[in-house]
Amino acid sequence: MKMHRALMIGILALALVPVGASAQVCLGGNPAITHVEVQSTHTMGQMNVYHLVGTVRNLGSTGQPSNTLQFVDIYDGADKVDAKTIPPLPLGGTFHFTYNWNRAVDAGAGSTKFIFKIRMVQGTICKPSNGGAYILTF
Numbered sequence: 197m198k199m200h201r202a203l204m205i206g207i208l209a210l211a212l213v214p215v216g217a218s219a220q221v222c223l224g225g226n227p228a229i230t231h232v233e234v235q236s237t238h239t240m241g242q243m244n245v246y247h248l249v250g251t252v253r254n255l256g257s258t259g260q261p262s263n264t265l266q267f268v269d270i271y272d273g274a275d276k277v278d279a280k281t282i283p284p285l286p287l288g289g290t291f292h293f294t295y296n297w298n299r300a301v302d303a304g305a306g307s308t309k310f311i312f313k314i315r316m317v318q319g320t321i322c323k324p325s326n327g328g329a330y331i332l333t334f
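Here the sequence shown is numbered in our numbering, starting from 197 and rising by one per residue.
The hints are simulated quantities; they were obtained by calculation from the structure and are not laboratory data. As the structure is a computational prediction, the values presented were derived from the model and not from experiment. Heads up, some of the hints might be wrong.
[What the hints assert, rightly or not] Label-pair distances were calculated between CB atoms; the ranges are: (1) Thr-237 x Thr-320: 34 to 40 Å; (2) Pro-286 x His-238: 32 to 38 Å; (3) Val-317 x Val-277: 14 to 20 Å.
Even glycine gets a Cβ: it sits at the ideal position worked out from N, Cα and C.
Using the sequences and the accompanying hints, generate a full structural model.
Right, here's the structure in full:
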């Protein structure tokens, strides 16, 4: 009877643990693109020059090792147009990157879609789905 009661208590305790609780913890560095915006625009002849500014933040539980090699790849639609190197980030650390894009002055609002993606060459991303891509339309 005592063994049966102990077994039931053990089963009940396990049933109360949320499924995937251990999967929710991010052990390691976790770079994420947290924000990108058009900071300013100016006209040069028949072109508008858009100055884009983005932020990458380490949302993980530790800083990244010094040998981490990572980039933000920048796409205009499906076409890769540039890549920005991101230094290894300390716990909670941020890095800001910039990019200038020329577009015709008569281009319609919302006609340009940029996609920013983290690309890890050396190192790991704890949760690749966390900030793996950021979309900016302007």
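Structure-based check of each hint:
1. Judged by the Cβ atoms, the range 34 to 40 Å given for Thr-237 and Thr-320 holds: they are separated by roughly 37 Å.
2. The supplied range of 32 to 38 Å is met by Pro-286 and His-238, whose beta-carbon atoms lie about 35 Å from each other.
3. At about 19 Å, the CB distance of Val-317 to Val-277 agrees with the hint of 14 to 20 Å.
Taken one by one, the earlier hints all hold for this structure without exception.
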